[in-house]
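K.L.:
So the sequences go chain by chain: E and U. Numbered by our numbering, the letters in the first sequence go through residues 3 to 118 in order. Numbered by our numbering, the letters in the second sequence go through residues 92 to 452 in order.
Source of the hints: derived by calculation from the structure; they are not laboratory data. Be aware that one or more of the hints could be misleading.
Chain U stretches covered by chain E per the calculated footprint, using a threshold of three residues with CB under 8 Å from any CB of chain E [said to hold, decoys possible]: (1) 97 to 110; (2) 129 to 140; (3) 234 to 244.
A quick note: this is a predicted structure, and the numbers were derived from the prediction, not measured. Glycine included, every Cβ here is placed at the ideal spot set by N, Cα and C.
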Amino acid sequence: MNIENAKSQMRKGMLEYCVLLLLKHRPSYATDIIQQLKDAELLVVEGTLYPLLTRLKNDGLLVYQWQESTQGPPRKYYALSPEGEQFLEGLDGAWTELSNTINYLKTITPKLLEAK
Amino acid sequence: MKKNITINLCGRLFQIDEDAYELLQQYIESLRSYFGRQEGGDEIADDIEARIAELFYELKANGTEAITIEHVKDIITRIGKPEEMAGVSDETGNDSQKTSGHRYDSFRDAAEGVMNNVRARTAGKRLYRNPNDKMLAGVMSGFAAYTNTDPTWWRLGIVLLVLCYGVGILAYIVLAIVLPVAKTPEEQLQMQGKKVTPQALADAVIDEKQPVRQNRGCLGSVLAVIASLFAALFVGIAAIFGFAMLVCLFLVVVSVIIIFTVPGSSHLNMPFDLGYLHLSEMISVQPWVVIVFIAALMLVFLIPLYAVAHMLLSKAGKIQPMGIVQRIFWIVFWVVALGSMVPSLVWIQQNKTMVERVETR
Numbered sequence: 003m004n005i006e007n008a009k010s011q012m013r014k015g016m017l018e019y020c021v022l023l024l025l026k027h028r029p030s031y032a033t034d035i036i037q038q039l040k041d042a043e044l045l046v047v048e049g050t051l052y053p054l055l056t057r058l059k060n061d062g063l064l065v066y067q068w069q070e071s072t073q074g075p076p077r078k079y080y081a082l083s084p085e086g087e088q089f090l091e092g093l094d095g096a097w098t099e100l101s102n103t104i105n106y107l108k109t110i111t112p113k114l115l116e117a118k
Numbered sequence: 092m093k094k095n096i097t098i099n100l101c102g103r104l105f106q107i108d109e110d111a112y113e114l115l116q117q118y119i120e121s122l123r124s125y126f127g128r129q130e131g132g133d134e135i136a137d138d139i140e141a142r143i144a145e146l147f148y149e150l151k152a153n154g155t156e157a158i159t160i161e162h163v164k165d166i167i168t169r170i171g172k173p174e175e176m177a178g179v180s181d182e183t184g185n186d187s188q189k190t191s192g193h194r195y196d197s198f199r200d201a202a203e204g205v206m207n208n209v210r211a212r213t214a215g216k217r218l219y220r221n222p223n224d225k226m227l228a229g230v231m232s233g234f235a236a237y238t239n240t241d242p243t244w245w246r247l248g249i250v251l252l253v254l255c256y257g258v259g260i261l262a263y264i265v266l267a268i269v270l271p272v273a274k275t276p277e278e279q280l281q282m283q284g285k286k287v288t289p290q291a292l293a294d295a296v297i298d299e300k301q302p303v304r305q306n307r308g309c310l311g312s313v314l315a316v317i318a319s320l321f322a323a324l325f326v327g328i329a330a331i332f333g334f335a336m337l338v339c340l341f342l343v344v345v346s347v348i349i350i351f352t353v354p355g356s357s358h359l360n361m362p363f364d365l366g367y368l369h370l371s372e373m374i375s376v377q378p379w380v381v382i383v384f385i386a387a388l389m390l391v392f393l394i395p396l397y398a399v400a401h402m403l404l405s406k407a408g409k410i411q412p413m414g415i416v417q418r419i420f421w422i423v424f425w426v427v428a429l430g431s432m433v434p435s436l437v438w439i440q441q442n443k444t445m446v447e448r449v450e451t452r
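Next up, chain U with everything else stripped away, as it sits in the complex:
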């Protein structure tokens, strides 16, 4: 589901998705800033805007209700980036400059490259997981983008860390949960430490269409095999863990039902023997504590079960993976459940002697 806006382009109304609108706006801005420098630049941009309106109109006539980001991307590739459509006169001017100052240009290019490299290593970058070049969750590739280095070394490093009593596995899982994925073109630019300008955005969007190179070399393919083994192992462990949670939850529910329906059931002969807590007697003394205890105990098992099920389903591509807010919410919720389960259990343990005494008397 996407938010939809109506825009007025050259006196015609169009329904357009919000993300598509943003991309279109960036594209038109980049055109305006590019052509603004030359004579009649505004007119050129206006004409191109009219052309976009015409292409939108065609889409509408062909039964497209709302313009999506894909439509806008197609139109951008069709009309071209500003520097691709540079005027003929510009070209000849550049050529003569190039022949006269060739040595100087190549020196300047090299210097610019070095400067960009330095800037990219230090300036306003953000650490993301890199979705374009990933083996598991793209954590190491994100580190590589952050430091502007080859991801292979990072991957080798984490494999070595895994050999240190599996520290690497834990570190990787924590990072994979904590770090967000660089989804939007803006975030991908920030990941690489490039400036977020309309021009850079338009470039990033168009480059997205081109496939990512997959040749990783010999060491890279060994790492890829290790990574896929870990991925399989991780899914297997998660599935077993989820199943264990399901069994625990089932046992808790069964024992709670037995405790409250069968009178005097203090020993259930079950792995989850809640009978010794005398819950059915305690509920008449302190109902809230018992209710909180039972609810929290169920949640302690239910939340990981839900999380694992969600993860497996999203891995299979059935549903969208959780967003960062959702993840944090469930982690906090689980901690709260655990935090209310433990004290209530301790309280019941301490006070059950009260009802036991009543029983023996």
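Looking at chain E on its own, in the form it has when it is part of the complex:
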């Protein structure tokens, strides 16, 4: 298994959580989200985001509103629904656990294992 593949699997797993985090404080439309995810190198092709947004919306985690734009076509502004906020809290908990575990595993030294 090559490293790029492993990395992209990791990013894919994170993508959903990242999108929800981005939408936590302010509603955004797809291009905003794309820009931020690209800056964080979480997105390879832009198209990945659209199936994800639609799925989250159909699962009731996101809601959207149409807004007219002076620059281009009307935009769909996505925001978290109450269910989405709950879901995000759940993910937050899972993430904290996960990052604790990872941090722990990274700090493990042979000595520590022997001590057990």
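Chain U: place on chain E using the hints.
P.N.:
Frame of chain E; chain U shown alone:
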């Protein structure tokens, strides 16, 4: 120059080149057919369409008057092919399937590969010249794509044919003139015997961006040297041939001018001695035959001269090479010119005794 259309994308109007429009349409269709299978698929495709509209709007705002095929290709690479953007949930589903049925999958892949190979060798293919992997005009590479074999063997074959009294050279030139180049993505797919589907087209367009591999091995590089020698030889011969045509044309024009301006010039002491035909006397007897003869004679030299000049200029990249219709037109035109020159010459030969008799009397 390209034909331009106005399209309405998400309620905004855009000017777009015709070829760019076709590519965009294929791309959007491929998205729709891909996402159509899953829940909310139309909505996903609509959203992506809106994104395309937004990117077009940006281009427009930056001063792009008409969207070209290059713009559309960039946008496709940016947004990605449908299978690249597959949903996260799909991925995990596929993974579990793969681990459980791994042996079966690899067997099926192999079987599919064999089937594709067989289909590609037989099914609705067309013979083209291959512009992506060529040494001269891409004829042998086109044959290789047609039969799904290695072009090196075809090249070796034609070199052997050239050794048979140069049969190969003539065959190659005829094929290079007759066979069209696979220019568009559709034609390139047909050349390889792949089905022309929107998905395959979008793939072909995106793959076009990647450079063609150039490692040909030892035998291949020997063939490449031979090919470039032939190319140089061909250009040299064409240039000499063109120059000869130019000289002939010049001589015809000069002798015609002398015949009709200097009275009684029956022997001109020139390589193109038209004096013996008594054209200036014949024109009063049968004006049309003489005019047809002179015009046809000039065209017989002028057309090859034009063709050679056109070829050399297009090789130098100054002008576009001739299309197939143009080529056929000029070949037919040349045959017609030759076909009217010869009978009129024969007629004049037979009837000049008439005016000669008049002269001696």
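K.L.:
Next, verify each hint and record whether it holds.
P.N.:
Structure-based check of each hint:
1. Three residues within the 8 Å Cβ limit are the bar, and the segment 97 to 110 of chain U against chain E gives 4, so the coverage statement holds.
2. Counting residues of the segment 129 to 140 of chain U whose beta-carbon sits less than 8 Å from any beta-carbon of chain E gives 7, enough to reach three: the coverage restraint holds.
3. With a threshold of 8 Å between beta carbons, the proposed coverage of the segment 234 to 244 of chain U by chain E is violated, since 0 of its residues qualify and at least three are required.
Comparing the model with each earlier hint shows a violation of hint 3 alone; every other hint is respected.
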